[in-house]
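We have chain A already, so just place chain B on it with the hints.
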Amino acid sequence: MKLSLGPIQYFWDRNSVTDFYARVSEAPVDVVYLGETVCSKRRAMRLPDWLEIAERLTAAGKEVVLSTLTLVEAESEVSYMRGIVENGRYPVEANDMAAVGMLEGTAPFIIGPHINVYNGGALEVMARAGARRWVMPMELDRDTLAMLQARRPAGMETEVFVFGRLPLAFSARCFTARAHNLAKDECGFRCGDYPDGMPLRTREGQSFLNLNGIQVQSGETYNLINEIASLRALKVDILRLAPQARGMFDIIDSFRRVLDGGLEAAAAAERLAPHQPAGACDGYWHGAPGMNREHLA
Amino acid sequence: MELVCPAGSMPALKAAVDNGADAVYLGFRDGTNARNFPGLNFDLDETRQALDYAHRRGARVFLAINTYPRPSQWDKWCRAADQAAALGVDALILADPGLMDYCARTHPGLRLHLSVQGSATNREAIDFYVRHFGVRRVVLPRVLSLTQVQNVMKRVNAEVEVFGFGSLCVMVEGRCTLSSYVTGESPNSSGVCSPAKAVKWEESAAGRRSRLNGVLIDVYAPEEPAGYPTLCKGRFEVDGHVYYAMEEPTSLNVLDILPEIYRAGVAAIKVEGRQRSPAYVAQVTRTLRAAIDACAADPANFAPRRQWIEQLDNVAEGRCHTLGAYHRPWQ
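Line by line, the protein sequences give chains A and B.
Note that the working numbering numbers the first sequence so that position 269 is 279, with each residue one more than the last.
Note that the working numbering numbers the second sequence so that position 215 is 196, with each residue one more than the last.
Isolated chain A, as found in the complex (with noise of 0.2 Å):
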């Protein structure tokens, strides 16, 4: 199994993520999606300088890929997804409808896991408009995924989302903004200064979800560090890391080595526990409420 690097879904500055992806260049992971996914207005990165960054971690041996928006709504992204479809070197991960319309028919693509693929007839549709691969959707659990791999379009590759905080849900409204009292037009670019999103807790104080932007998070951080053998088992073709700010080398380092069999699946888990700040959750693969510990100590 290959080991992928999702998109970045927060705001960090410019020198963060050029750096970021400098030792992601030396990390042993196979694939590295780039773009943004979550905030139109979110600039920092022009499409130019995310294909200066391809262009890099091509040189290192990495298969790179662009992701496009989740919420598309206005005139300007969709010509931005235009620019990113049409890049002309690298295959694209498509995560609303309307990049798997501008991509069909032009060139293999990835179906991001924000496109609503819960069952073969689904599956099959994106085939034939030319995905390659897809990404399992959240909340869906190993006995659909078993079923769906027994039946999955000929060479359609697999992946599935195995580390990071859950990317729940999206909205036209800004969290981070109204955190702060602040109209979207006036953000102030605020969620730049939560590297790791703004933590959402109950009135009890237990942690609960997080706040990205336009994007909702759980709080737990969901983690399928043990059910490596059984996604070897199902052929599912690649596992995805979610970017975060804090301990993301280590939880490469861990995923790999558990991958190639120098660690045991109970060390690793240790060693991915601080990196957890609100704790664990595997609920979803279950079958259980995504929050839900249900295979983690």
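Check before you lean on any hint, since a few could be wrong.
Unchecked claim - Now the stretches of chain B that chain A is said to cover, found in silico as 3 or more residues with beta-carbon under 8 Å:
1. 83 to 90
2. 159 to 165
Claimed, not checked - Derived Cβ-Cβ restraints for the label pairs, each shown as a range:
3. A283/A to P19/B: 58 to 68 Å
4. A275/A to L68/B: 45 to 55 Å
5. L25/B to A283/A: 26 to 36 Å
6. P19/B to G289/A: 32 to 42 Å
Hints are computed from structural coordinates only; laboratory data are not their basis.
For each residue, glycine too, the CB sits at the ideal point set by N, CA and C.
Just chain B, lined up with the frame of chain A:
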């Protein structure tokens, strides 16, 4: 501009039709539709009666099969579509591309609408569904501003239906799994959000607490009215402040911008609330019928009457209303 109203039961359907709905939408009594609540919806025989009642009075019936079936559910969802086609519904409201593909091939004459759960928020996405499945109408998610709706209208080759009144989803529909994160059931997979069976109320001296599968959603002071604990409408703590971190309990109401929606060429206004009572359906249908007729007769001079606003606020979630994302500052 049509008025499309919710029918969670036969009395609600009659209330909608009798009070001026041009069309009603309903679902079968199972997980195939996105309002899979106990005691709601229609079995086959009731659907037949509903069609008969509506058609005799000149109203159309749309049937929603708008959840995303997993492989284990696939056959059942296809059978539901077959049954709806055999019953002669006027349109199917679908979200899943797989199911849409099945219907377009199996029932080529059947009119297909893209559900709000299909999450199409721009012309290019809508085009995909039109091109592949011949979708005739698209229900827009409640995340677009009025300007964005107007822009979509200029370039789209399908009818557009927008939400005009009812509870407000602050998240883009079809891309929200907050409910399954907490309860295991979401609109996409189970047709429910914040399901009632996961709700627990606790009374204490400090007030009343609402929980969803154990997670504290809100605490109400004594005397403070308590709302249903939809999880995005609770009060939470962020950065030391306790507030409605995602959205207040409030209803969407487009009366203030009805002429703009009308002039943009929107085909239909949809009312949310298949889980609401026949009295709600009757009140909202009657009021919106009057408003739409007044707007169509003289859009330039249309102004919402105070009486309409009051009537709608009385049945609104949180007893107040907002223009939601239509109004840019809300965002």
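Next item on the list: Hints the structure violates: just list their numbers, smallest first.
Entry: 1, 3 and 5
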